[in-house]
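**Student:** Here is how the chains run, residue by residue.
2 protein chains.
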Amino acid sequence: MRVQSVEFFYAREPVVTLDADGSQDALIVRITAGSFVGWGECEASPLTSIAAFVTPRSHGVCQPVSASVLGMPVDSAEDIREIQRLVRRNSMDLLQAAHVLSGVDMALWDLLGKARGVPVWSLLGYTENLPKTPYASVLFGASPEETRERGRAMRERGFRAVKFGWGGFGEGALDADVAQVQAARSGVGEDCELFVDAGQAWGSDVEAARRVLPALADNRVSWLEEPFEAGALAAYAKLGELSGAVGIAGGEAAHDVQMAYNLMRFGKVTFIQIDAGRVGGIGPGTEVAAYAAAHGVAYINHTFTSQLALSASLQPFAGLPGSTICEFPALGSSLAHDMTVDRIEVDTDGLVRAPDRPGLGVDIDLDAISDRLVDVEMVVNGETIYRSTSP
Amino acid sequence: MRVQSVEFFYAREPVVTLDADGSQDALIVRITAGSFVGWGECEASPLTSIAAFVTPRSHGVCQPVSASVLGMPVDSAEDIREIQRLVRRNSMDLLQAAHVLSGVDMALWDLLGKARGVPVWSLLGYTENLPKTPYASVLFGASPEETRERGRAMRERGFRAVKFGWGGFGEGALDADVAQVQAARSGVGEDCELFVDAGQAWGSDVEAARRVLPALADNRVSWLEEPFEAGALAAYAKLGELSGAVGIAGGEAAHDVQMAYNLMRFGKVTFIQIDAGRVGGIGPGTEVAAYAAAHGVAYINHTFTSQLALSASLQPFAGLPGSTICEFPALGSSLAHDMTVDRIEVDTDGLVRAPDRPGLGVDIDLDAISDRLVDVEMVVNGETIYRSTSP
Numbered sequence: 001m002r003v004q005s006v007e008f009f010y011a012r013e014p015v016v017t018l019d020a021d022g023s024q025d026a027l028i029v030r031i032t033a034g035s036f037v038g039w040g041e042c043e044a045s046p047l048t049s050i051a052a053f054v055t056p057r058s059h060g061v062c063q064p065v066s067a068s069v070l071g072m073p074v075d076s077a078e079d080i081r082e083i084q085r086l087v088r089r090n091s092m093d094l095l096q097a098a099h100v101l102s103g104v105d106m107a108l109w110d111l112l113g114k115a116r117g118v119p120v121w122s123l124l125g126y127t128e129n130l131p132k133t134p135y136a137s138v139l140f141g142a143s144p145e146e147t148r149e150r151g152r153a154m155r156e157r158g159f160r161a162v163k164f165g166w167g168g169f170g171e172g173a174l175d176a177d178v179a180q181v182q183a184a185r186s187g188v189g190e191d192c193e194l195f196v197d198a199g200q201a202w203g204s205d206v207e208a209a210r211r212v213l214p215a216l217a218d219n220r221v222s223w224l225e226e227p228f229e230a231g232a233l234a235a236y237a238k239l240g241e242l243s244g245a246v247g248i249a250g251g252e253a254a255h256d257v258q259m260a261y262n263l264m265r266f267g268k269v270t271f272i273q274i275d276a277g278r279v280g281g282i283g284p285g286t287e288v289a290a291y292a293a294a295h296g297v298a299y300i301n302h303t304f305t306s307q308l309a310l311s312a313s314l315q316p317f318a319g320l321p322g323s324t325i326c327e328f329p330a331l332g333s334s335l336a337h338d339m340t341v342d343r344i345e346v347d348t349d350g351l352v353r354a355p356d357r358p359g360l361g362v363d364i365d366l367d368a369i370s371d372r373l374v375d376v377e378m379v380v381n382g383e384t385i386y387r388s389t390s391p
Numbered sequence: 001m002r003v004q005s006v007e008f009f010y011a012r013e014p015v016v017t018l019d020a021d022g023s024q025d026a027l028i029v030r031i032t033a034g035s036f037v038g039w040g041e042c043e044a045s046p047l048t049s050i051a052a053f054v055t056p057r058s059h060g061v062c063q064p065v066s067a068s069v070l071g072m073p074v075d076s077a078e079d080i081r082e083i084q085r086l087v088r089r090n091s092m093d094l095l096q097a098a099h100v101l102s103g104v105d106m107a108l109w110d111l112l113g114k115a116r117g118v119p120v121w122s123l124l125g126y127t128e129n130l131p132k133t134p135y136a137s138v139l140f141g142a143s144p145e146e147t148r149e150r151g152r153a154m155r156e157r158g159f160r161a162v163k164f165g166w167g168g169f170g171e172g173a174l175d176a177d178v179a180q181v182q183a184a185r186s187g188v189g190e191d192c193e194l195f196v197d198a199g200q201a202w203g204s205d206v207e208a209a210r211r212v213l214p215a216l217a218d219n220r221v222s223w224l225e226e227p228f229e230a231g232a233l234a235a236y237a238k239l240g241e242l243s244g245a246v247g248i249a250g251g252e253a254a255h256d257v258q259m260a261y262n263l264m265r266f267g268k269v270t271f272i273q274i275d276a277g278r279v280g281g282i283g284p285g286t287e288v289a290a291y292a293a294a295h296g297v298a299y300i301n302h303t304f305t306s307q308l309a310l311s312a313s314l315q316p317f318a319g320l321p322g323s324t325i326c327e328f329p330a331l332g333s334s335l336a337h338d339m340t341v342d343r344i345e346v347d348t349d350g351l352v353r354a355p356d357r358p359g360l361g362v363d364i365d366l367d368a369i370s371d372r373l374v375d376v377e378m379v380v381n382g383e384t385i386y387r388s389t390s391p
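Taken in sequence, the protein lines are chains Y and Z. The first sequence maps to residues 1 to 391 in the working numbering. The second sequence maps to residues 1 to 391 in the working numbering.
Honestly, the hints are just simulated from the structure, not real lab data. Please read all numbers here as calculations on a predicted model, not as lab measurements. Each residue gets a CB set at the ideal place from its N, CA and C atoms; glycine is no exception.
Just a sample of chain Y residues kept apart from chain Z, beta carbon distances all over 10 Å, derived:
hint	residue
1	76
2	186
3	244
Ranges between beta-carbon positions, derived for each pair:
hint	chain 1	residue 1	chain 2	residue 2	range
4	Y	331	Z	365	48 to 56 Å
5	Y	334	Z	377	26 to 34 Å
6	Y	207	Z	377	46 to 54 Å
7	Z	143	Y	242	55 to 63 Å
8	Y	179	Z	82	22 to 30 Å
9	Z	5	Y	207	38 to 46 Å
Here are the computed lysine-lysine pairs in the DSS-like style, where the Cα-Cα straight-line distance is at most 30 Å:
hint	chain 1	residue 1	chain 2	residue 2
10	Y	238	Z	268
11	Y	238	Y	268
12	Z	238	Y	268
13	Z	268	Z	238
14	Z	268	Y	268
Construct the complete structure from the given sequences, taking the supplied hints into account.
**Tutor:** Shown next, in the form of structure tokens:
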């Protein structure tokens, strides 16, 4: 079978705020081939990503992503890897390509899994679908009190690990950061694993970042996430030498496998966090997971949006015994909540598993998308090169 | 004065082929502030870059680039650096942002230089505008004979250094690559510096790349450029250990300063090649040039398109005595040739200088752009969020 159509559905909340909440909109991808349908989701700017798919060609290695996808065979895992290779080559100079490829790759794996009647993790070569301990991923509250309440609420929902991030952390006075970390620990209690996400607050400034380390150690924070901008490898490595028991995590911004390898090899992170909606999809995610396993680094998904994104991001390390925790979006938008019929729930044993159903195992709620659909049209020299369709 | 308007002009040749010739289209940026106008050029997919500028917001760090540019003060170099910082922060998750920012940053420097009546290199802190030895940058011919002729033609135009690249180099049999390198040397003669650009042909495969090294050494090729994909730092470093007198060059794909720093620090390249139309503009280019100078790496512009792009890419190292050569686009499209009124010619001493005029010192030929203008309209939920204007 060959890729017959690639459709994009750009959905969003009625109001999109300046919060660092990536679940306020979504770019959902539907691919058809033969009699099968696959779904994916780009963790990316929707309009820009659509443009990257349909744009006119600029030259041989700045082609639209569509040129390497439409009409291509998709009968095997190798076929999907070949599409991946072609997009990387033919769209080398199109920066946004990796982000739109991510959703396309997911949809292709979903489709192939459905065609074969097996879960994606099985197509990836895993023989087991190992449960992971989920950590609730939430933003810091506007005040330490709100952070404490949020931590308490997550414990009440049964989470044994919670991550707090953003909300101005690292951007103001050290005292304010310390108060937030203390509130987080106080809220989740003593017997809960705790992580902190700095959202690249310190650029590449190791001295600024190290000032928060004592408070993190005092409050037994297991890792400090994204202290620096994505490529600041030397700063990552230096902070890692200073951070003692506090691990250093990063990787969500990786838009290819090399960026992730470099963060492990040269940045010396102890936790590598990959968003399948940005790194190029499930295929590249799986390559990074293999590299991490071979180098003693814990692979973790980065997921802050939907259950479709969660399933896709769990696949690359579903069968890896050394990676035992997963990010679980716990406070997303109504869009993120409603857009799938199925939900990946925390099981009674407190653990989370990738679906054991064919493909990604997450059905899409077409009405939920339709209700929030953003209509897009792009016209070039009088010709409509893109017009959004209804799901 | 504040940024009043940012306009984009997407121009292209009547036919855009699959050649690796990036001059077949152009995305030109015009910024107005106060009574001044500045021009820049993105080395990027035009439609995708426009979308990145105007797209609706996705969340706090996935904002359109426009949000950090329009209305901002632009009275000093520090103001431009602040816009740079804001775009990087507010559009952190918008991958294409760096490419559109590049043209915007150029236009801001051009505008500020015109307002002050000084060249951009002076605004950057350089006290001298040092001449550079230009190398003609051309593609390999379709056959060794064509390559030889092209080399001969460049010598007849007076170039003392020539670079050949792409045209399938590294993608077929080793014999074919060797024949191309021999033809290149034969064409340019014995007393000409010669470079070879592999266009990422070998992915991250060091063994594949090393097979061509003897032919490069035999033909006294001074550097092998982009043997690997942009982020393959470990492969770059490894090949550098094996390449003897053949230097390793790379960096054109860097879309932020960290990528360039990493290629020097961890990839151990001996030549760092920065395209101001991709790295984020002239400001980031200058930061990379300073890092290169401090670490004994030769900084070179990457430019394959217009004279506007050439001027912009010369500014970051105009005053650096250690960087003595520059890339000079020698066989571009008619668009690249016609779009500027001014041309940066090779002087009678065989050297090239950044213009000594205010700003970038390159006036735009509005008719040449108008003749090739691509009309673009983007509509979101019935509202036209972008419609191209005439220059």
